[in-house]
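Peer 1: We have chain A; now place chain B with the ligands onto it with these hints.
Residue numbers (the numbering used here), protein chains in the order written: chain A, 442 to 1004; chain B, 129 to 288.
Bear in mind the hints are in silico, worked out from the structure with no lab data behind them.
Incorrect hints may have been included.
Stated by the list, open to error - Straight-line Cα separation of at most 25 Å, DMTMM-like style, residue types lysine to aspartate or glutamate; simulated pairs:
#1 A/Lys922 with B/Asp240
#2 B/Lys184 with A/Glu748
#3 B/Lys177 with A/Glu918
Computed from a predicted model, the values in this text were never measured in an experiment.
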Amino acid sequence: MKGSMLIDGQRVEFNDEKHILEVIRKAGIDLPTFCYHSELSVYGACRMCMVEDKWGGTVASCSTPPKDGMEIYTNTAKLKKHRKMILELILSNHDRDCTVCEKNGRCKLQELAIRFGVKQVRFEEEKKDLMVDDSSTSIVRNPNKCILCGDCVRMCEEVQGVGVLGFAYRGSKIQVTTAFNKQMDHVNCVNCGQCRTVCPTGALVIKKDMERAWDALYDKNKRVIAQVAPAVRVALGEEFGLEPGEITMGKIVAALRKMGFDQVYDTGLAADLTVMEESEEFKKHLELNGTLPLFTSCCPAWFKYAEQKYPELLEHISSCRSPQQMFGAVIKEQFRKVKESDSKENVVIAIMPCTAKKYEAARPEYRNNGEYDVDMVITTQELAMMIKEQGIIFNELEEESLDMPFGLASGAGIIFGVSGGVAEAVLRHCVSEKTPGSLKDLAFVGVRGLDGVKEAYVELEGKEIKIAVVHGLKNAEKLIKSIQSGEKNYDFVEVMACPGGCIGGAGQPIPQSVQVRSQRAKGIYSADNSSPIKRSEENPTIIALYNGMLRGNHKLLHRPKTL
Amino acid sequence: MISDNQYINVDTILNRYGNKKSSLIAVLQEIQNEYKYLPEDVLEYVSRKMDITPSKIFSVATFYENFSLDPKGKYIIKICDGTACHVRKSIPILNALRKELALSEKKHTTDDMLFTLETVSCLGACGLAPVITINDKVYAKMTPESAIQVLQNIREEESK
Ligand code: SF4
Ligand code: SF4
Ligand code: FES
Chain A
442 MKGSMLIDGQ
452 RVEFNDEKHI
462 LEVIRKAGID
472 LPTFCYHSEL
482 SVYGACRMCM
492 VEDKWGGTVA
502 SCSTPPKDGM
512 EIYTNTAKLK
522 KHRKMILELI
532 LSNHDRDCTV
542 CEKNGRCKLQ
552 ELAIRFGVKQ
562 VRFEEEKKDL
572 MVDDSSTSIV
582 RNPNKCILCG
592 DCVRMCEEVQ
602 GVGVLGFAYR
612 GSKIQVTTAF
622 NKQMDHVNCV
632 NCGQCRTVCP
642 TGALVIKKDM
652 ERAWDALYDK
662 NKRVIAQVAP
672 AVRVALGEEF
682 GLEPGEITMG
692 KIVAALRKMG
702 FDQVYDTGLA
712 ADLTVMEESE
722 EFKKHLELNG
732 TLPLFTSCCP
742 AWFKYAEQKY
752 PELLEHISSC
762 RSPQQMFGAV
772 IKEQFRKVKE
782 SDSKENVVIA
792 IMPCTAKKYE
802 AARPEYRNNG
812 EYDVDMVITT
822 QELAMMIKEQ
832 GIIFNELEEE
842 SLDMPFGLAS
852 GAGIIFGVSG
862 GVAEAVLRHC
872 VSEKTPGSLK
882 DLAFVGVRGL
892 DGVKEAYVEL
902 EGKEIKIAVV
912 HGLKNAEKLI
922 KSIQSGEKNY
932 DFVEVMACPG
942 GCIGGAGQPI
952 PQSVQVRSQR
962 AKGIYSADNS
972 SPIKRSEENP
982 TIIALYNGML
992 RGNHKLLHRP
1002 KTL
Chain B
129 MISDNQYINV
139 DTILNRYGNK
149 KSSLIAVLQE
159 IQNEYKYLPE
169 DVLEYVSRKM
179 DITPSKIFSV
189 ATFYENFSLD
199 PKGKYIIKIC
209 DGTACHVRKS
219 IPILNALRKE
229 LALSEKKHTT
239 DDMLFTLETV
249 SCLGACGLAP
259 VITINDKVYA
269 KMTPESAIQV
279 LQNIREEESK
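Here chain A stands alone, though its shape is the one from the complex:
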């Protein structure tokens, strides 16, 4: 519907906005909300978004469609009083230990309480005393801080199709919890962390590994080696006031050195290894003419999801380790000898946009002789906190370059950070025509962009190859069902759990939105554009590895048997 309405006396046009709230925000008014997220269904529970019409009636703007000629007010005395009251009610049974809360300074409840000048809570304090659940490798859940907005419930259910969180009990006993109040490590949570990206409070936060990282960095007997994932470099800057998508790799390297890292490498190099291995696998699959497609394996949340829900698909999932795990294994192998000579322990710290990577690194099959391939995982957000803690003025850092030879990644390795990137990188390797023109063609076959499900057709050695690219596990599930019913068939399917791929990972700065994600994606593609090496097989470090450590031994690159 098209039309115009009066908002606080200002005339605003609307086109296809579904709710008044969107029109209000388009008009540049920052209306407070707790339970509205543009990518989730409308819930209408928090009532922060109420607006007044010209007759003094109030409606929830998040769930009321705009009408031509409507006249509304967003900030009347009545509304301010109402919002303050809601905040006080929420605060009256909220665990208010702000100074030691993980969300201190980033909490929506705190922010709005400041904004609305809540200086006292007039209601009797009624503290909840529920158990804090830190059983998961990736997420900590503190139900005492939950304000029951249901954002996490809808995220887990609608976007991820996992649905481990839900409302339980009723009335004053209502809670957001897991089935049977089980611990997070005992339910089918895939550790994607997307729930935490929408939680307005400290009820769902990233499980931090910063203390462990500092311990390693301060230990003189340890060699601390960083691998930095592609998506981190286009998002970290947001924590320091830079635009999403701005590439800060050089500054990240400088900061990591200041923090005491001994070597700083690029996970994109391991992505190049993945391209090499996965392409070989894919070619074999094509030769054998298997009926089901080859699924990618680099997203650990997707892999866990498949293990739980579609075990019959496992044999169709690439046997490649994820780049993080390939790199861990290769680095540990490379430095094994060095360790024997200087008896310094090697510690690999992966810097990732992702909370599920913490879970992946800790999977028992990645432990060899009492040592993990990747010792710990620090998310983009944790890295930002560590940089601040260290007193580094990030924006003023001189750019430094990565350590060689493992700091060299091709553009194909870098685009792994965005949905469609793995498919494109594999295609770059598989097509026989290696001209700049063919690169351009591949960019436009349809694997790029932020649509939830993308399809592309490419000709490979005279054969038409069907490719699907999905992100969000709910989309993956729909696709799997259509494949299993015979309605669709593909040769290659790329799956990423997070919206937009790794750039939208739950370890990235928040808030995230389609806008933020598309800027980050642009950043990734511009890093690819400016990279002198475009294809994985042209990366000299890759060539050297295959002629050296990996000659006749690809064990380090493929998944060990699951334990």
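Peer 2: Chain B with the ligands only, in chain A's frame:
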């Protein structure tokens, strides 16, 4: 993993409803009739069969007072505390029974799993107030003494 064939009874119930998601409440009711409560493993099984997440089922099961996730005793005593029964002194009966069975506001089932004591808001038999039911058999115009007598009769029955 629990083998699926131990849930034949559950399968019969599920088949009756054709695994239809909208029948969840009816399915839960029948399961409760069968087991007297909603056992966790059975609900997990139902979740797999009906393709409804365990958390959704848990939501429904904890929302309605009638569903119980805790095992119940062989005899379920419901004591009415609706207006009519309350006025005619149902609370002293409740207290007497609690004392007799060593139960409390929090503990509803005896350790020997013989009795579960619950209060309900109205049994719709106000003319007979105060009323208790034991496994759906109605006992009218109770006093603390007569209620305890009923218990003792049951215990004697059971020890035979
Ligand atoms: S981490 Fe992902 S799967 Fe786990 S509860 Fe949160 S949204 Fe659901
Ligand atoms: S845990 Fe967070 S997102 Fe979920 S309902 Fe509570 S406050 Fe909302
Ligand atoms: S945002 Fe409208 S009710 Fe929560």
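Peer 1: Now tell me, hint by hint, if it's right for this structure.
Peer 2: Each hint tested on the structure:
1. For a cut-off of 25 Å, the pair hint linking A/Lys922 to B/Asp240 is broken: about 49 Å separates their Cα positions.
2. Proximity of B/Lys184 to A/Glu748 is assessed by CA-CA distance (about 21 Å); at most 25 Å being required, the pair is judged to hold.
3. At roughly 17 Å between alpha-carbon atoms, B/Lys177 and A/Glu918 fall within 25 Å of each other, so this suggested pair holds.
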